[in-house]
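Engineer: In order, the protein sequences belong to chains A and B.
For the first sequence, the numbering used here assigns the number 1 to the initial residue and increments by one for each residue that follows.
For the second sequence, the numbering used here assigns the number 1 to the initial residue and increments by one for each residue that follows.
For the record, the hints were derived by calculation from the structure and aren't laboratory data.
In this text, a Cβ means the ideal position worked out from N, Cα and C, and glycines have one as well.
Be a bit skeptical, because a hint or two may be false.
What the hints assert, rightly or not - In silico lysine-lysine, DSS-like type, Cα no more than 30 Å apart, as pairs:
id, chain 1, residue 1, chain 2, residue 2
1, A, Lys262, A, Lys100
2, A, Lys83, A, Lys7
3, A, Lys77, B, Lys147
4, A, Lys100, B, Lys170
5, A, Lys100, A, Lys77
6, A, Lys80, A, Lys146
As the list claims (entries may be wrong) - Rough simulated footprint, nothing fancy, chain B against chain A, three-plus residues with beta-carbon under 8 Å:
id, stretch
7, 100–108
8, 115–125
9, 135–147
Here is how the chains run, residue by residue.
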Amino acid sequence: MSDNVLKVENVTMQFGGVVAVDNVNLEVNAGEIVSLIGPNGAGKTTAFNVITGVYPPTNGVVYFEGKKIVENYPRGKMKKLYKTENNGAYTHAIEPTPDKITRMGVARTFQNIRLWSSQTVFENILIAKHCRVTAGLLSATFRMNKLEERRQREECDELLRILGLEGVRNELATSLPYGQQRRVEIARALATQPKLLLLDEPAAGMNPQETQELTAFISRIRTDFRLTVFIIEHHMALVMDISDRIYVLDFGKLIASGTPAKVQNDQRVVDAYLGVSEDA
Amino acid sequence: MKRNRIPQFFIIVGAFLLLLAVVLMLDNVPGVPVMLLIVLRKGAIYALVAVSMNILNGFTGLFSLGQAGFMLLGAYTYAILTVPVENQALVYQRYPNGGIGFSVTESLGRVLGQPGLLLGVIICLILGGIVAGVFAYLIGLPVLRLKSDYLAIATLGFAEIIRAVVQYEKLGPITNGSNLLSNFTNFSNFHLGSLKLDTVMPFVFAGVCIWVITLIINSTYGRAFKAIRDDEVAAEAMGINLANHKRMSFIISSFFAGISGAMLAMYQASVQATIFKAAMTYEILLIVVLGGIGSISGSIIAAFLFVGSSEWWLRFLDNTTVLPNFNAKLLFAIIFAAIVVSIVFLVVYRQNKAQKSRPEAVGRGRKILSLKLSGVITLVVGTLLLLGDLRFLISPDLQVPLLRSGFRMVVFSIIVMIVVLFFSRGLMGDRELPDLFRTRHKRL
């Protein structure tokens, strides 16, 4: 088995007649930072949602650490509607809910920050630990899980300390400035003890300085937590700076992949972003 | 932080024991108004059911209206299991050979005396809760996929169905059809020496249950519930299984609703399906909203206030009262007008202030203002009509009844509307009683 952490194989996501993700193949190797870029509406977030189980793909397989976690094939209404390739390549359906995939070790953040608004920073992170809880309802109620609870709280404090968030520990998460909310969201994802971290536009709405800080932050957590990171991003500064490899998506199709330098000079990528002149 | 947690625990336990002592005293000192005792008993039971509803509506964010149905299940389970054998022929008059042929409390009571009776009551209360919980599980399978209003309608429908099923003639030998179940073990069967325990027992049971609920809410599972309430998508992405946790919350809520239903049966010493109507669920919902959605102590306080007002303090409004003479009537009309004008003024004033601070919200503000104004005007007109119009201004000798039967509910509704209009977060918002004594936002 190769050392790729995430492998997406022939994944197609079709909504009715609209093909949002078209037969995409990509791989993310252990320890890498890989970016997925593309113009608006290219299907990046949809690809993320397929990987994290928000919706099952129409066709294709997703492997995590060599294990099949998601699989589907065109069936039911989609049988007739299916437009693209590899129809009939797969015959099974594995459709785990997002929480299962998170427990396997894939954590994500959201494009529009989704922190739990009535909870403090610490509580946000502590709740993310819930998916690792082994105590049942009864033992948790009558506090027979004191050791586990204490361990989790210590882990959360440790996490806050590492990420430099201990100063806002008891603040309401949604009362923080935008940049810090992003960090808290990443911290929350880290609290689920992932091996693969998916970041959906982490630099959206940030100024250049904040973006720079975020770049350093992401590089740091990769080494500190021995993570593999997969990012969707629009900020080219961040993407080019940080990525080991880049995939470019346009109208649901992969149009280029490779090192930042290579992708930057790819004519199709330039066309996709800037548009093609009519008389060219 | 760890250090001051333990004293806090003792403070709460101490306060609760003190409360029990006071209640025990009230119960046994002659001269205490009966109404007070009734309010305390019913208030304790309503506090429990309101808190149980708050688990679902306030902490998990599931809008359910099935509480009366689960209370009914608990009440019937308890009553059926505890009617003494010799009373069964009397209770099930219309159904020869009705009844289950044994009584848990009676059997245990015969062997162990008073402690056995208590043990039997506790077992049957818990069984009542379990039956409600089992039904919640079954109902939850299809219903919990629904959200907000749809879930509310589905659970409301379930509660109505249960009420109809229990009254079904063929189930008569067990449920006694649409007749009363009575003569079962209730609070007045218990004595400590010569002391009556009628009021203390509901307090103890409700107190223990609410304590358990608090533990659940503050446990890792309770935190997961709150995460689901705040953002379902994020909760699921962070590894919280939505189906499992929603079901868990639904079952816990129903379990305690079942127990409170059984306690209500004990308090009333009889139980009949017709009292567990949707109106009862609305009363409980009202308590939850008034107390603050997501606040346990708010629900408790609101439960006592609600029961107090509806059973006792506002009772006088139902007695037909006639104002004596012209001057008194005029005075009353002036006072009333002053109140109305000041309410309207307050609304306008607050609205103006809001508009000044946020000019962009003017359009929306106007809309809300007109809504509030029309609400107030409706109240005023309605009340005036009920007051028996202002005919007395023309003919001073006309006997105009000021208060009359049914007026209590009008005043009650006005209070509720005022609370909802001006304090839309309820008494406590989502804070708890101890939070009021703290400056920093939160604990942990």
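Engineer: Take the hints in turn and mark each one as holding or not.
Structural biologist: Consistency of the hints with the structure:
For the proposed pair Lys262 of chain A and Lys100 of chain A, the alpha carbon gap of about 36 Å is over 30 Å, so the pair is violated. For the proposed pair Lys83 of chain A and Lys7 of chain A, the alpha carbon gap of about 23 Å is at most 30 Å, so the pair holds. About 26 Å separates the Cα atoms of Lys77 of chain A and Lys147 of chain B, which keeps this hinted pair within 30 Å; it holds. Distance hint between Lys100 of chain A and Lys170 of chain B is unfulfilled; the C-alpha atoms sit about 46 Å from each other, more than 30 Å.
At most 30 Å may separate the alpha-carbon atoms for a hinted pair to count; Lys100 of chain A and Lys77 of chain A meet this at roughly 26 Å. For the given pair, Lys80 of chain A sits about 55 Å from Lys146 of chain A by alpha-carbon distance, which is inconsistent with the 30 Å threshold. Closer than 8 Å: that is the beta-carbon criterion, and the stretch 100–108 of chain A has 5 residues meeting it against chain B, so the requirement of 3 holds. For the stretch 115–125 of chain A, the proposed coverage by chain B is satisfied: 8 residues have a C-beta within less than 8 Å of a C-beta in that chain, meeting the threshold of three.
With 7 residues having a Cβ less than 8 Å from any Cβ of chain B, the stretch 135–147 of chain A passes the three-residue criterion, so the hint holds.
Hint compliance for this structure: hints 1, 4 and 6 are not met, and every other hint is.
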